[in-house]
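Chains A and B are the protein sequences, given in the same order.
Read in order, the letters of the first sequence correspond to residues 1 to 214 in my numbering.
Read in order, the letters of the second sequence correspond to residues 1 to 214 in my numbering.
Hints may be right or wrong, so weigh each one.
Claimed, not checked - Calculated lysine to any residue pairs in the SDA-like style (CA-CA distance at most 20 Å, straight line):
(1) A:K123 / B:F88
(2) A:K115 / B:T112
(3) A:K82 / B:F88
If you're looking for bench data, these hints aren't it; they were derived computationally from the structure.
Number of protein chains: 2
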Amino acid sequence: MKKNAVLEDPLFQNLSVREKSTLQANSSVVSFDDTEMFLKKGTFLFSIYYVNKGVIKIKGEDNRMLDLLGPQNVIGLNHLFKQEPIFFSAYGIENTEIIQIERNVLKNFINTNPKFLEDIYNKAIENPELLIRNVIAYRNHNITGALASFLIYYNEKDCLHALTQKEISEILGYSRENVSRCLNTFQQSKYIKCNDGSIEVLDMSALSKFQQFG
Amino acid sequence: MKKNAVLEDPLFQNLSVREKSTLQANSSVVSFDDTEMFLKKGTFLFSIYYVNKGVIKIKGEDNRMLDLLGPQNVIGLNHLFKQEPIFFSAYGIENTEIIQIERNVLKNFINTNPKFLEDIYNKAIENPELLIRNVIAYRNHNITGALASFLIYYNEKDCLHALTQKEISEILGYSRENVSRCLNTFQQSKYIKCNDGSIEVLDMSALSKFQQFG
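Same shape as in the complex, but just chain A (with noise of 0.2 Å):
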């Protein structure tokens, strides 16, 4: 049965086969066929959000995109305890699959599970910090090498799906002209390939170096 996917992920370990059961009961799978918003700015969450595959879009101020997130993120942990309306929207696209689970649920086995609490604590301020460094490192780097660092971190979390020049942009914070202009010269550099908005990464080793010096 597919909800299982979830409970196989190591955030879960520490729970009890009496907890997972519960988890299990009380969660259920969400698929996408086209882009989708499921999430939006300004309104209040009562739910957490499991990525089972895909990719997950995450908008911030002016719906630009703010970040990607792929299989065994999790949506909302910023929000767990909070009464306050969400600050970004999220967006399934194709082929997308999240599981849903209801926050209380959560919410009671971090009362009563110190491990499994420590586990939600550590998995809430993972991506938080990640997106501080990726941010600043865009901004350190170049075009090039600012480009090379986006392909190569979201590349590893399997990202580079049915994405804009336009989004990419509104990532790294150069212009949609430069991105274009530096996807193009990696593409005939063969570093890179895009089809149709996808672009499946050749010569790691080549991006790395631009990361590096770039």
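Fit chain B to the known structure of chain A by using the hints.
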């Protein structure tokens, strides 16, 4: 007695009288007469630090300034349950006072006091989220707008002391020359007053306009 300051913070409002007295017994006041590092990048963290007065400078990669933390901020919450070295260094400056709290004491409270857990969890996520929003705002503004945002945000947090132009330029991601020129323009227009590294905001509404349109 000085130490009590931390107990009056809303962050600790949900501790019982008994817990507060344990906290008091397991914390100590540290003062700075000059700029001094008290946390070094790459080391392990066994304490949490509450900023009682003054400013803490957080420096990241290549010792570049990342953030400024004023009174009522807490340092180290992101490492409460992590067994890995920290990725930042922290410096106190003249007239800064922090309260060092043993990490295990907080952990024990969290495991037995669900209300306090919520407060700590939210506090741990607050700083990284604000930092992301700031860094992205700087990036999406020209230098005038970015500097205005910086001054408004850190003035409110009471952090505009003992800053070098190099440090401001590291936080903003703009060159030192541009930061220097822009600070001079703001000073000539009487929006701010610079004294020996400390910046006093004189005209908040003028800066707000730059933040909005710059």
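Exercise for the section: Would you check the hint for A:K123 and B:F88, treating anything up to 20 Å between C-alpha atoms as holding? Expected result: holds, 19 Å
Exercise for the section: Would you mind confirming whether the straight-line C-alpha gap from A:K82 to B:F88 stays at or under 20 Å? Expected result: violated, 27 Å
Handout entry: Straight-line alpha-carbon gap A:K115 to B:T112, limit 20 Å
Key = Holds. A:K115 to B:T112 sits at ~13 Å (cutoff 20 Å).
The structure fails hint 3 only (numbered hints given earlier).
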